[in-house]
Amino acid sequence: MDYGLRSIGIGERLLPRTDFTLCQQFTLIGSGMIWNIYFGVLALAAGFFLSITVALGKAARNPVARKSAEWFIFIFRGSPLFIQFFFAYFAFLSLKQVSPIFDPLTSAALGATIVLFLNTSAYAGEIFFGALKSIPKGDLEAADAYGLMGWKRFRRITFPTMLRLAWPAYTNEAIFLFHATALVFFSGFPAWQQRGDALYYASYFADKTFNPFVPYPILAFYFILLTLTVITVFGAINRRLTRHLPQEYRPRMRLRPMLVR
Amino acid sequence: MLEVCDDPQALAGVQWLTCYLTSGKHLLFYQSFGTVMLLLLVTAPVSLAFGFAGAGAARSRVAPLRWLGKGYTSIVRGVPDIAFFLFFVIALDQAFEWLRHQVKCPDWDAPIRQGSDFVVCAQAKLPLSSSPQWVHESYGFALAVLTFAIVFGAFAANVLYGAMRSVPRAQMETAEAYGMTHRQAYWRILVPQMWVYALPGLSNLWMILIKATPLLFLLGVEDIVYWARELGGSKTARFSDFPHGDWRMYYFGALLVFYLLLTRVSEVVLDRLMARLSHGQATAAGEAQRKATA
Numbered sequence: 001m002d003y004g005l006r007s008i009g010i011g012e013r014l015l016p017r018t019d020f021t022l023c024q025q026f027t028l029i030g031s032g033m034i035w036n037i038y039f040g041v042l043a044l045a046a047g048f049f050l051s052i053t054v055a056l057g058k059a060a061r062n063p064v065a066r067k068s069a070e071w072f073i074f075i076f077r078g079s080p081l082f083i084q085f086f087f088a089y090f091a092f093l094s095l096k097q098v099s100p101i102f103d104p105l106t107s108a109a110l111g112a113t114i115v116l117f118l119n120t121s122a123y124a125g126e127i128f129f130g131a132l133k134s135i136p137k138g139d140l141e142a143a144d145a146y147g148l149m150g151w152k153r154f155r156r157i158t159f160p161t162m163l164r165l166a167w168p169a170y171t172n173e174a175i176f177l178f179h180a181t182a183l184v185f186f187s188g189f190p191a192w193q194q195r196g197d198a199l200y201y202a203s204y205f206a207d208k209t210f211n212p213f214v215p216y217p218i219l220a221f222y223f224i225l226l227t228l229t230v231i232t233v234f235g236a237i238n239r240r241l242t243r244h245l246p247q248e249y250r251p252r253m254r255l256r257p258m259l260v261r
Numbered sequence: 001m002l003e004v005c006d007d008p009q010a011l012a013g014v015q016w017l018t019c020y021l022t023s024g025k026h027l028l029f030y031q032s033f034g035t036v037m038l039l040l041l042v043t044a045p046v047s048l049a050f051g052f053a054g055a056g057a058a059r060s061r062v063a064p065l066r067w068l069g070k071g072y073t074s075i076v077r078g079v080p081d082i083a084f085f086l087f088f089v090i091a092l093d094q095a096f097e098w099l100r101h102q103v104k105c106p107d108w109d110a111p112i113r114q115g116s117d118f119v120v121c122a123q124a125k126l127p128l129s130s131s132p133q134w135v136h137e138s139y140g141f142a143l144a145v146l147t148f149a150i151v152f153g154a155f156a157a158n159v160l161y162g163a164m165r166s167v168p169r170a171q172m173e174t175a176e177a178y179g180m181t182h183r184q185a186y187w188r189i190l191v192p193q194m195w196v197y198a199l200p201g202l203s204n205l206w207m208i209l210i211k212a213t214p215l216l217f218l219l220g221v222e223d224i225v226y227w228a229r230e231l232g233g234s235k236t237a238r239f240s241d242f243p244h245g246d247w248r249m250y251y252f253g254a255l256l257v258f259y260l261l262l263t264r265v266s267e268v269v270l271d272r273l274m275a276r277l278s279h280g281q282a283t284a285a286g287e288a289q290r291k292a293t294a
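Respectively, the protein sequence lines represent chains A and B.
Residues 1 to 261 (my numbering) are what the first sequence spells out, left to right.
Residues 1 to 294 (my numbering) are what the second sequence spells out, left to right.
In short, the hints are calculated from the structure, not lab data.
Please read these numbers as outputs of a predicted model, since none were measured by experiment.
One or more of the hints may lead you astray.
Listed next, the in silico DSBU-like pairs over lysine-lysine satisfying Cα-Cα at most 35 Å (straight line) [what the hints assert, rightly or not]:
(1) K235(B) <-> K208(A)
(2) K133(A) <-> K67(A)
(3) K291(B) <-> K67(A)
(4) K208(A) <-> K25(B)
(5) K25(B) <-> K235(B)
(6) K96(A) <-> K25(B)
(7) K70(B) <-> K125(B)
(8) K208(A) <-> K70(B)
(9) K25(B) <-> K125(B)
Covered stretches of chain A, as calculated for chain B (at least 3 residues, CB under 8 Å) [to be verified]:
(10) 74-87
(11) 211-222
Partial list, derived from the structure: chain B residues whose beta carbon lies under 8 Å from chain A [said to hold, decoys possible]:
(12) P80
(13) L86
(14) L215
(15) V225
(16) F252
(17) L260
(18) T263
Beta carbons are placed, not taken as given, at the ideal position from N, Cα and C, and that holds for glycine.
Bound-form chain B, shown alone (with noise of 0.2 Å):
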């Protein structure tokens, strides 16, 4: 904080809007951003490696294992995503005590159902009751991730799982006739070939999770969207040092630019991206580049 900040009553102009934006809260607000690109960043490759799994799952010669993976990538395609987003945030979180209640209290002999409550022992309740406030924010916090990681690892799978399949068949057939097996010719031959094929997808889906960034809020997370609406609303001299009516309005405004912003930069380094691995492939976009320089 500033020195000139102790008196804002005193202050007026660019000098209180200065002070203002620079209060406790308003470094919390910039903190959440953080928070969020950090969603992003974690929630990307977990995702990811979800959606391989999925996508292996259901290429799978073994039945079962292919239903699941099946079963996986098609989850997400009648019913809206947030009812998922709601739906498994309280799902793991029940999961997650209900096996550590399994584990820690064996006998236990009420039933963890009674009418409307869920009832686990207190050593197996996540988090503790005793651990710290950050426990908690981050058990929050990972619980988000997870269920991020779930739903955008279904869509990663489909992604991928069409990748797969657009590799050109004569690669696979090359493998098998010099002898690879069915596991050397899927990590040598496939998996290197199909991120070229995959990445018009993974970019609009890295677009989409941009846009699902805000269901935080949802989620129980303090995040952008909450201290939007906290540091938004109208302070009265009483309670606040920089009493102001009702500005929602502007920090939803921005945030709005903040995200428009995000999606432009992303959309530019993802164009970047395709044309440096288009580059020397046997598609149409590595033939425009040949025939561009030639």
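Here chain A stands alone, though its shape is the one from the complex (with noise of 0.2 Å):
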């Protein structure tokens, strides 16, 4: 099919028009999925870093840090994500008449994986700011008794503890991240030449042919498709994390429907 990376812009360049077939909707709402992995994927990397420095400014008993952490979280926790891409789309619209540097930031490519990074880094640095309160105590303590400081202290105990008992709350945040993926292009981000996500040409063909109960079961079942990769691949990690546990300690994945941002 000449619509398989349509949305990367290779391939046909007119969308189909008339005639429309079962077999080009598929290809070319799986090929809008390209778009969702490539936000979802960046932010999450990008965001992982992030969302623990947050975390650990969050407890921190620097004043500054602390309260500089919770505003962070309270914006983009507090607002939704729909009006977050359009306040930041228009507020880069001005940068960019300030200079030329700022050119791509209006693009969705950049500027809405930077959005997503940053409210994926809040949401994220808040279940990292449970876990890490919700260390057991005797663990630090051990650690105290071992003579363990600092970095070491951290990298040894604190951050491995955390990142275990956070995990399934993570995997949850990572599925919804990829189904948040799906309003970049109906906030104000253009989809350049249409090229767009998944969502997009599906409510391209639900527009065109006046038939939702086609474009949208294929859209759920790609995105089903990518929730149960997120599983799989959480799900191994979480293993690897949880590996010196005795069995029946060891936290089973749950998935939480929850979070529209």
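Quick one: dock chain against chain with the hints and give me the complex.
Dropping the structure here:
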């Protein structure tokens, strides 16, 4: 098919206009998933580090670090992602007028990734903060008894335990981050040359054919596939993080439906 | 409109801003905040009812009803909710028109789906093409409410189903020991006790609902996002009495602040409500309250 890589600009230029076949819808919506995966993976990978920083900041004794982390989390968790996208897009547009250096920010590829990155950092930061607070007291006392201090203590005791405790919730966060990527092209960021994500194409077909019963189930199929992949990957990591624990203490992964951002 | 504002060109500074912010379109913008609050207030109870029905069905002893309830509670798990919003709005609209078509035009023989068109007879159109503008608007709004209620009902069903299961088993056993029927035990024992278990989940849901309201824009309702885009875009002196550059950033900044305030206020109120509901309950929160006063 000519539409397999359409969403990144390779292949047939014109989208189908008449005589929509099932095959076309499948390929085009599937090709849109490239964007969803791109946004999700990039934001998650970068957001992982910022979220740990934010969690440590919120747990810090220094009031400046604590307050700024709290405000960061409040702003990004307390407002809709949809509005954040709009605001960021128009803010980037005004920046563009200041200097052409900011040009790439107005594209979805960079600008939306930044918003998603900050957003997921705030949500995951809260998750990691919760895990940090629930590290068993005994673990930290044992670290003290061994004379572990500072970075070494963080690296060997605090960080692995925090990660292990937070992992089920973090998996959930990852899944809903992928779902949130569907908002990008509906919130200001333009789909340049009709290179959009899966939902963009699905709604394109629904608009053209007036029949929502084909494209949206296809989209649902792809997203369920993506969700299952995320669960498999994160489940494997979870098994590695908990491999030293006896079987019955290992936390089970539970998917909680929540978080429309 | 204020009288000073009759000649906008002559104004400057604060006065210009006051006149600008009280222009007719801005009043519509302020009204749309009302639309959002109305949506919240209508959707919350309706989706709670949907959720209650869904959770009840998921616990049912009749297998098909149980499958229906379980299916409903799990539709929201794998797929982005925005896809549901976009799907249900069209699907519901077509379903209503199709039903009316079946009732009002039984002797219509042309197929309804003709290629890329969805054709029903003129009497079955919703709303009727002859009806006034406000009917069109409120029909759009009602569709949006129903869509929100279906999606959030599924979320709520999940929460309530979990809450029903966290009511201590001994309570139900006691009810059975007293000879209550299944129905009596459900309404008199289970339902009154489950709310305290459900409240954390439901308050979470309320926050999510608040944050989902800007999606109204995608459903074609003229809400705050619509007006912020409309009013913020740059205006030249030819088309507007109040020419200005691209101010959409400031408008969306204001929306951001609005939502932050709304979530903050809800957080405080829900915390108070939780404290009140936990009072005297055999839960950790209730126990903590007892210890604090003792």
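Structure-based check of all given hints:
1. K235(B) <-> K208(A): Since the Cα atoms of K235(B) and K208(A) sit roughly 32 Å apart, the hinted pair holds (cutoff 35 Å).
2. K133(A) <-> K67(A): This hinted pair holds, its Cα atoms lying about 17 Å apart.
3. K291(B) <-> K67(A): holds, 31 Å
4. K208(A) <-> K25(B): Given pair K208(A), K25(B) holds - Cα atoms ~32 Å apart, limit 35 Å.
5. K25(B) <-> K235(B): Given pair K25(B), K235(B) holds - Cα atoms ~13 Å apart, limit 35 Å.
6. K96(A) <-> K25(B): holds, 28 Å
7. K70(B) <-> K125(B): holds, 34 Å
8. K208(A) <-> K70(B): holds, 33 Å
9. K25(B) <-> K125(B): holds, 31 Å
10. 74-87: Holds, because 11 residues of the stretch 74-87 of chain A bring their Cβ atoms closer than 8 Å to Cβ atoms of chain B.
11. 211-222: holds (count 6)
12. P80: holds, 4 Å
13. L86: OK, holds: L86(B) within 8 Å of chain A, min 6 Å.
14. L215: This hint holds: L215(B) lies near chain A, its Cβ roughly 6 Å from the closest one there, short of 8 Å.
15. V225: holds, 7 Å
16. F252: holds, 4 Å
17. L260: holds, 5 Å
18. T263: Holds - the Cβ of T263(B) comes within 8 Å of chain A, reaching about 4 Å at its closest.
Going through the hint list in order, the structure satisfies each hint without exception.
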